[in-house]
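Starting from the given sequences, assemble the full structure and let the hints guide the process.
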Amino acid sequence: NMKAYSELSREELLTLKNELEKDYEKEKAKGLKLDMSRGKASVAQLDMEMDFLDVINSTSDIRTRSGVDCRNYGLLDGIEGAKWLLADMIGVSKDMIIVFGNSSLNIMYDTVVRCMLFGVLGSTPWCKLDKVKFLCPVPGYDRHFAITEQFGIEMINIPMTENGPDMDLVEKYVNNDSAVKGIWCVPKYSNPQGYTYSDETVKRFAALKPAAEDFRIFWDNAYAIHDLYEDGDTLLDIFAECEKTGNIDMVYEFCSTSKVTFPGSGISAIAASKANLDSIKSIMTIQTIGPDKLNQLRHTRYFDDMEGLKAHMKKHAAIIRPKFEAILEVLERELGGLGIGSWTNPRGGYFISFESMEGCAKSIVQKCKDAGVILTGAGATYPYKKDPADSNIRIAPTFPSEEELAKATDLFVLCVKLASVEKLLSNMQ
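The opening position of the sequence shown corresponds to residue 3 in our numbering, with each subsequent residue numbered one higher.
Just so you know, these hints were derived from the structure itself, not from any lab. Since the model is a prediction, treat every value here as computed from it, not as a measurement. Ideal Cβ placement from N, Cα and C applies to all residues, glycine included. Please note that the accuracy of each hint is not assured.
Stated by the list, open to error - PhoX-like mimics (lysine-lysine), calculated; alpha carbons at most 25 Å apart, straight line: (1) 32 / 19; (2) 425 / 5; (3) 371 / 388; (4) 24 / 5.
Stated by the list, open to error - The calculated label-pair distances, taken between Cβ atoms and stated as ranges, are: (5) 56 / 368: 44 to 52 Å; (6) 180 / 284: 23 to 31 Å; (7) 178 / 145: 40 to 48 Å; (8) 428 / 245: 53 to 61 Å.
Here you go:
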């Protein structure tokens with residue numbers, strides 16, 4: 003029956019509910035134990051790059067090209083080779099970058115902390131202000147929102163479009179309200195929708211005229227090279243655009259090799275203007291003597307350059323592309339034309355974003371959980387975990403095996419159907 007569910011009579015819905023409940027009980031009896039909640043690399047991806055650990059050993063020369071011994075103290079802002087590599091990865095010049103340890107989330111957290119405690123380039127520290135607000139494109143990345151929530155920063159929802167955040171709203175807030183100090187952005191293959199900001203969106207970001215001199219764009223370019231297909235999306239370089247508008251200090255860009263090498267043992271970086279970097283370094287110099295340079299050296303030697311990075315990412319794509327395609331195929335086959343859900347078709351990144359009928363996401367996620375499949379919590383993609391429409395669900399295809407994925411997706415579409423039928427029936431009461 004390919005009629006849209008909304009066109010079914012009460013009797014047809016009740017019959018359908020009966021069938022779906024029987025199927026659901028069968029699924030529950032299988033005793034599945036699957037986790038699709040986070041964008042983790044699969045074991046196959048990690049096994050594929052085990053030779054990463056062999057790049058330096060006890061017989062290696064462990065000095066950088068310029069002769070610095072990576073076993074010792076030194077180089078607060080990272081080794082030169084790692085700067086070249088990560089600068090190329092996001093398309094900035096290497097003098098704009100500081101390379102850190104394994105986590106860009108850690109850098110973003112520390113960056114907010116610096117703004118809170120020390121202020122931005124001489125402005126009042128945020129912790130001394132009555133009100134600090136952040137713009138949050140939604141649906142978005144739960145860990146971003148968790149940072150600003152922890153510091154009591156007020157979060158404002160900005161709806162996403164397939165070209166990026168609603169820029170009319172962004173401009174209105176940033177250009178008129180001096181309490182607005184930042185915006186979270188995942189500009190390429192956004193989490194969770196997989197959208198890439200259009201050239202116009204990037205240009206409008208660069209042309210903002212903030213009411214606050216200490217406003218910053220937190221540009222989390224997490225999926226810069228994470229294409230699933232040969233012809234990946236292209237993202238305009240925000241710094242090049244900011245050069246043109248005289249706004250070079252307005253952006254903090256973040257990246258890492260978390261989904262490139264081992265997610266727990268990668269390297270990460272911040273890119274920013276000279277003024278911003280000098281300020282960050284002056285604070286960091288009290289915090290640390292420097293990063294793990296041996297791991298930076300390992301990355302530098304393993305890839306050598308951008309071509310090495312790209313070749314490696316093709317191996318990842320070969321493993322995860324079929325998983326994305328398998329899920330999208332099931333969604334289309336089982337839900338296409340029913341009017342009870344829509345979803346994104348990302349060309350890269352790590353997630354598929356699913357929109358259920360209004361008021362159904364929590365129910366779908368709970369039903370999946372009761373039958374042994376863990377999804378990202380409903381509401382997680384919104385600040386304060388409050389999805390006003392209770393409709394967004396983030397699907398993470400990468401971690402399970404293809405066989406597990408097939409089972410999980412079959413269960414998922416069944417739960418979508420069941421929750422939707424229940425919702426339509428309750429609307430008829």
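Let me make sure I understand: some of the numbered hints might not hold for this structure. Which ones are they, in numerical order? 7
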